[in-house]
Structures are given as C-alpha cells and as structure tokens.
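One line per chain: the protein sequences are A and B, in this order. The numbering used here puts the first sequence at residues 1 to 292. The numbering used here puts the second sequence at residues 1001 to 1275.
Just so you know, the hints here were simulated from the structure itself, not pulled from any lab data.
In silico DSSO-like pairs for lysine-lysine, Cα to Cα no more than 30 angstroms straight-line:
no., chain 1, residue 1, chain 2, residue 2
1, B, LYS1263, B, LYS1104
2, B, LYS1220, B, LYS1066
3, A, LYS103, A, LYS193
4, A, LYS103, A, LYS197
5, A, LYS193, B, LYS1263
6, A, LYS44, B, LYS1220
7, A, LYS103, B, LYS1263
Simulated restraints on C-beta separations:
no., chain 1, residue 1, chain 2, residue 2, range
8, B, ILE1112, A, GLY240, 32 to 38 angstroms
9, A, LYS193, B, ILE1075, 47 to 53 angstroms
10, A, THR183, B, THR1054, 48 to 54 angstroms
11, B, VAL1015, A, TRP34, 57 to 63 angstroms
Cβ atoms here follow ideal geometry from the backbone N, Cα and C, with glycine treated the same way.
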Amino acid sequence: MSFRVPRRTIAAFLGPAVAALAIVGIAPLLYAVWKSLHYFNLTKLAQQRFVGLENYGAVLTDPVFWQAMGRTGLLFIIAVPIQIALGLLIALVLHRPGLTFWKTLARLSLVLPMATTYAVVGLLAQVMLNQKYGVINQMLGWIGVDAINFIGDPTNAFIAVVMWDIWQWTPFVALVLLAGLSTVPPEIEEAAKLETKSNWTVLRYVQLPFLIPSLVAVLILRTADTLKLFDMPFTMTRGGPGSATEFIAVLIERVGNRQFDIGMAAAQSIIMLAITIVLARLYIRLFYREVR
Amino acid sequence: MAAPIQRRSLWGEGVLLLLIGLFCVFPFYWMVTTSLKTQVVALESPPVWWFTPTLANYWEVLFVDKVGPALINSIIVAVCTTALAVGLGTPAAYALARFEFRGKTDLWFWFITNRFVSPVVLAFPVFLISRELGLRDTHLALILMYLTFTLPIVIWICTDQFRSIPRELDEAAMLEGASQWRIFRSICLPLAMPGVAVSSILSFIFSWNELLFAYILAPKAAKTAPAMAVTFMEGYDVPYGKIMATSTLIVVPVLIFALLASKHLVRGLTMGAVK
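Kindly produce the complete structure, drawing on both the sequences and the hints.
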C-alpha cells in the first residue's frame, strides 16, 4: 500500500535535490549548447559571434576529433575484453568454496586499484614505467627483455595506457562478475556440477545466463568511463608523445583549456555526450532482449 | 584418493590468490618505497629495492611545496560536498522510496544518468559561469560541481536503504499524528544511518579523487591535492620521491575509506547497474 501524500509535501522533499542538480547539471549543459553555437575563443573575445551549426560541421569533419574518438574506441576494444577475461577468471577463483580467509584478503586487495585517485595512477605509471629508473623495465630485464621506452614512444605509450587501464579496472570487473556469480541459485549450480565434470559446461550453460546483466553493466560503465578517461593519460603522458594517447576527453580539455576555443570544445563535448547516450541505449537494446 | 588431488588444487588456488594480491598491491608498495627514497637513490638504474629510508620528501612537500594547504583544500571540498549531498539527497531518497507520484521513474532515471555525463562537458561552461559570478578559484565552485556525482550516489544508495525499512513504522507514527517530515527525521533517518554512512564514504572518495573540475576551476587558492600533484610533472627534472610522497599522502586516506566500505564500493561505482 502507498501513502496518500499531498503534492506539496512531495515537492518539499524532492525540491531541493532537484533544484540543486538542475543548477549544477542541466544549466551548464544548456549553456554549453548555447556556446557551441558561437565562435567563442577566450583569447579573441572581440571576434565572438553566433555561427549556428558551424562548430558542429567543423568537429564532424575534423580528422583530429575522429582520430581521438578512434583511439578511445581502440583502447576500449583492446582493454575491455582483457579485463572481462581476467576478471572472470578472478571471479571464478574467488567464487569457489574454501580458503575463505585468503579469499577475503584477495577481495580486499581488489578494492584498492579502483579507489585509487586516477591522477595518482598516471603518476605511478610515470615512475614505474620509466625507461632507465622504472621497476617494470627492471623486471622485464630479469626475463631477458630489453628496456622499453614506454612513455616516449607513441605506440608504447598507448600500450602503457592500455596496461594501466587493465590494472585499475580488472579488479572492478572481477568484483562485478563475482556479484553476478553469487546470483546463481546454489541448488542449480550444485546439480549442474553433479551432472558434468566440465567447469566450462557449468560456466557456459549455468552461470553465463546469470552473468549477462553484470556483463551489460560492465560494458555500459566501461564505455562511459573510457569516454570520460582524462586523469590517468593526462598525468601520465599529457596526451603525447604527439597525439598518441590523446583520448577524447584529453582532446576536449586541450581545445578548451589550452587553445581557449570554448565554442569548439563545447561542440565536441555535446557530440561526445550524444555518442555516449546512443551507445548506452544500443547496449541495453542488444543485450536485454536476450534476457527478456 | 581424493585428498591429494584436492590439496594440489588448493595449492594452485593459493598461488592464484597470491598473484591477484600482488597484482593489486605491488604498485602501492612501489609508491610508498619510492616516496622514502632520496632523489639520488630514486635515480639509480636499475632501481634499488633495499636502501635507507628517509622522510625528507614528506617534510618537503608538506611544508615547502604547499601540498599541505592543498590537502586541506581537498578535505574542505570533499567534506562540504558530502554534507551537502547528504542534506539534499536523503529527503529526496525518502520521497522516492515512500511516495507515489507521476514521473517518478523519469526522475529516478535523470538522477542516475548523471553518472554518465563526462565532467569535461560541464567544466568549460561552469568555468565561464563561475568567472561571471566571481566563484572562480573558490571552494564553493568545486563543492557545487561535485554535487553532480555525490548527490546521485547518496540518492541511489539511501533510496535502497529507506525501502528496506518496514512501512509499518511510518504508518504507526502517522496514526499517532506525526507529520511526514517528523517521520522522516525522527524515525526513518536514524534507521537509515548505515546507508547514509556508506554513501558519505563513497561521496568523499569520489570528490577526493576528482581532477578535471579542480584543474580547470581552481588553479591557485582552492587548488586540491590531485591538481597539485599534476604540477610536479611540469619541468625537466622530475622529482620522483616528492611525487610519490604526494601521491601517498593523497591515496592513503581514500584507501582506508575504500577498505571500510569495501563491500559497497562496487555498488557505488555501478550506480544501481548491479545489486
């Protein structure tokens, strides 16, 4: 049963939160849309003028924008499958009974990377991946690999960002999938294990259907977070060398904050937001149909 | 017969668990040890694992390089935005949990979708607005902007918490003639404290970690610790020990909070996508 509450009371409870989020979340967004219709450069304020959709035309035909978008997509396509594979492996190990104390410890350590200040993660990469003084290169030396110039070489810098993204977010994927595994009713899981010796069969036909909501969540969140990714590459490489690690958010920051072209940055960010929304809707439609 | 096989698989599992732990923890070990090295030791190639530790880097960054004031800025911003989010968010969460009204699902969706909006979309318009209003480089600008992610977190986690409180309590109080606000304030809110605590911890962590708004909106007086750490990278002589000392100072509080709320961190990061 539900209470019969006067509208005034409801408004009093919800009003402050709605007003606050409208002011900080929606007003700037509308202002961004308005500015994106202008030529607006902080260093050339005298030339400010309404240009209609010109900025959007410029962004949509700008190879730099699409290269940054492509780079962001490539990071996602390489890192997320590895995160899901490793995360699933970790989740399956932690899901098995036994060694409870050690599993609790492992689970606690999994919490650390995703809570770490993203800017610090980038700084850590600088220190650990340095060609001369970095510990990762020392370790590679132990197995006979020559020191790699991770930060200074375009391809290697991209690989370094991928590696670091995998370090920070694999534990997150593992814990989300672990939560998904615990939604499998234990009777069903045990019955299946009596039927077959193959862990793979249990995973594919018993556990996977229960994991689909978690996997969709991982895909949606990793997509949103990859499009947002700024702190780690910014502190690690500043988008360089050249533009090798200039992901979409780093590009927009450069255009707005270092080239002062706020009209253009606004148009870029609105297009990026549109892409985020389209992708999220696409995922939900693609995957949830199967569940329904 | 079965015992040796089981024992062997237990060993295998143990090794896997150890690898998982090392994978997660090693970078932190390296961060802390590097923060205890002098620049000379830090620049040894190959890197050394055993050395005489020194706290000089901490002394220098805290009192000479102004990381101390930046940490205080971070604390002020994170605590205030969390308090504000709890103050605004808990009544809204209560309303979402208890009242029926038109457009409830839409409102709910709108709260949650803030999770997907990149800060870079809002940063520049807010930069311009805050310049007009004289809010540039103030704590207030950051406190308000951080509501874009702290408020949804509080609303989401506390709505769940309020739903778990039996409605009979509300109904009994209502028969006694208590007002709706009174019921919320004196009966439900105290019972919802676990949710309030968890969402406060998560709000604090996310505000503490934020870089982009801080970097663009607060360049000097209100500069937060992560934005401060970034400035060390400018210039040619990279002071590794000092960078890692600053990093350690930034990261240790969030790691403690993360461990305290370890069961709920994933819930907070997924914003309802996963139970």
